[in-house]
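Kindly produce the complete structure, drawing on both the sequences and the hints.
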Amino acid sequence: MTIAVSVRDLRKSYGEFEAVKGIDFEIAAGQVFGLLGPNGAGKTTTVEILEGYRNRSSGDISVLGEDPQHAGQAWRSRIGVVLQSSSLYPNLTPRESLRVFAGYYATPRPVDEVIEIVGLGEKADARVRTLSGGQKRRLDLGLALIGNPDMIFLDEPTTGFDPGARRAAWETIRNLRSLGTTILLTTHYLDEAEQLADQVAVLRGGVIVRAGSPAELTGGASETEIRYRQAGEEILERTTDPTRRLHELTSAALERGEVLDGIEVRRPTLEEVYLELTGSETGAE
Amino acid sequence: MKLFVHQLRTEQLLFWRNREAAFFTFFLPVIFFLIFGAIYGDTDISSEHIKGSYFLEAGMIGYGVASTCFAGLGITLVVRRELGILKRVRTTPLTPLTYLSAVLGSIFIVFLFEAALIILIGRVLFGVPFPTQAFSVLVVLLIGAVCFAAMGLGISGFVRSAEGSSAAINAVYLPMAIISGTFFTPKGYPTFLKVIADALPLTHYTKVTRDVMVHGVHVWSDWKQLLVVLAWGIAGMLAALKLFRWQPREA
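If you read the protein sequences in the order shown, they are chains Z and P. The working numbering puts the first residue of the first sequence at 1, with every later residue one more than the last. The working numbering puts the first residue of the second sequence at 1, with every later residue one more than the last.
Quick list of the computed label-pair ranges, beta carbon to beta carbon:
| no. | chain 1 | residue 1 | chain 2 | residue 2 | range |
| --- | --- | --- | --- | --- | --- |
| 1 | P | Leu142 | Z | Pro90 | 30 to 40 Å |
| 2 | P | Lys242 | Z | Ile3 | 33 to 43 Å |
| 3 | Z | Ser58 | P | Leu241 | 26 to 36 Å |
| 4 | P | Leu112 | Z | Asn175 | 38 to 48 Å |
| 5 | P | Tyr40 | Z | Glu122 | 47 to 57 Å |
| 6 | Z | Asn55 | P | Trp220 | 40 to 50 Å |
| 7 | P | Gln12 | Z | Asp67 | 33 to 43 Å |
| 8 | P | Pro175 | Z | Gly160 | 34 to 44 Å |
| 9 | P | Trp220 | Z | Ser57 | 45 to 55 Å |
| 10 | Z | Gly65 | P | Leu241 | 31 to 41 Å |
| 11 | Z | Thr159 | P | Leu241 | 34 to 44 Å |
| 12 | P | Val30 | Z | Lys21 | 50 to 60 Å |
It should be emphasised that the hints constitute simulated quantities derived from the structure, not laboratory data. Backbone N, C-alpha and C fix where the C-beta goes; we use that ideal spot for every residue, glycine too.
This is the structure in structure tokens:
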């Protein structure tokens, strides 16, 4: 397994304030890595250091085999970046914008192919300022892909999307993954990380409070919820041994010739684990 | 070099596509030349010993350098910075040097085209002969473009928001352009205004332009004026080196 990104004891201070307080993680080539956390947790700082845009205070990092702080133009041609806010020329069309940025790379993807990937076919020749927020964001993604990068950084790529647009964006990201692109994704949407990421790290106050696959993260919480109705009454049980407990419940019900109305068995979602980990429902940090 | 040409073409596309900016920076000096030329083009300006149209032609080139290279460039850079475009450009293989060279090269092309148009209008509509010192004129245009662009780079660092950029930069350059002897000769100014005008780079630049274009002197005979323009250019460059940023202010 090739390592695309490795981060060792990364720290970043702005004056007195330490935004990132010594974090470690690795991203295997071809994987989607989700960096989760509330606003102000240090996600964007971390990503911008990996993009070579900000200098770190200390620590060792390697992205595609190089230190981003000292990497040159050849390295830049191998990465693609979607910034946290849309950054586009309002008076160009998506096709023109893609042509402009294609010119910066030695071996760009064909413009028409990128338009196809991000689903902007109908709007390819409309001025950017007439596009919706979601369409602009897809163009941002297109501009990150035009150089045919090995690795892309997506900083909150679907913030402000309606559910349909979010699903479309997820599909695009899955397509990229299937093409072998390594992806670092920051998000504060848990379902997004659950849907897309192979590995997740939860950042809080500049430290990683939990890391692993989405399944490992949710699997770490030991209790399963069983919910059903009996004699018109809603019952909720928590158990560490759901197989046995379910068997007991259903056998008893069958013996009595009853039906367990609305029976539901669920594991805690990543969202619940996350809220527990970040210790806040407001997301304030 | 290929990247430079690519970016230069991009900059030209961006400039002409932005109609409002193209109007204010490129066409306004031309329109002012037509209007003021019609008003006092035939009148002699006794203190300058030339006809109004001759005076105005050089003045509008001075006004043009301020509107394209200083104000136009400054506003463009602030807007691009705040839109995150400068930041995005930094994530591509395009080097900052190539990018900025293309931005400056493009604005120089715009200014050159504008000066040519003003000289042509002067010849056709107001009977101002073409300048005799063609080489000196070109040098004057180049020095003006470089120095005022440096000031444009410098001022972009002082302006914080994209919304306020036009207002803030226009508030600096419009009064400067008007008192710097572009429309009216500073020779009749009250003392306090004369003192201000004498400190401004555009006053000196307009004088050099006028001397070269109207009186046919060689560009270096006005070296004292050029030094003032150059000093302002250097001040702009120093401000740019200290204040120029690629990332948006609020980030």
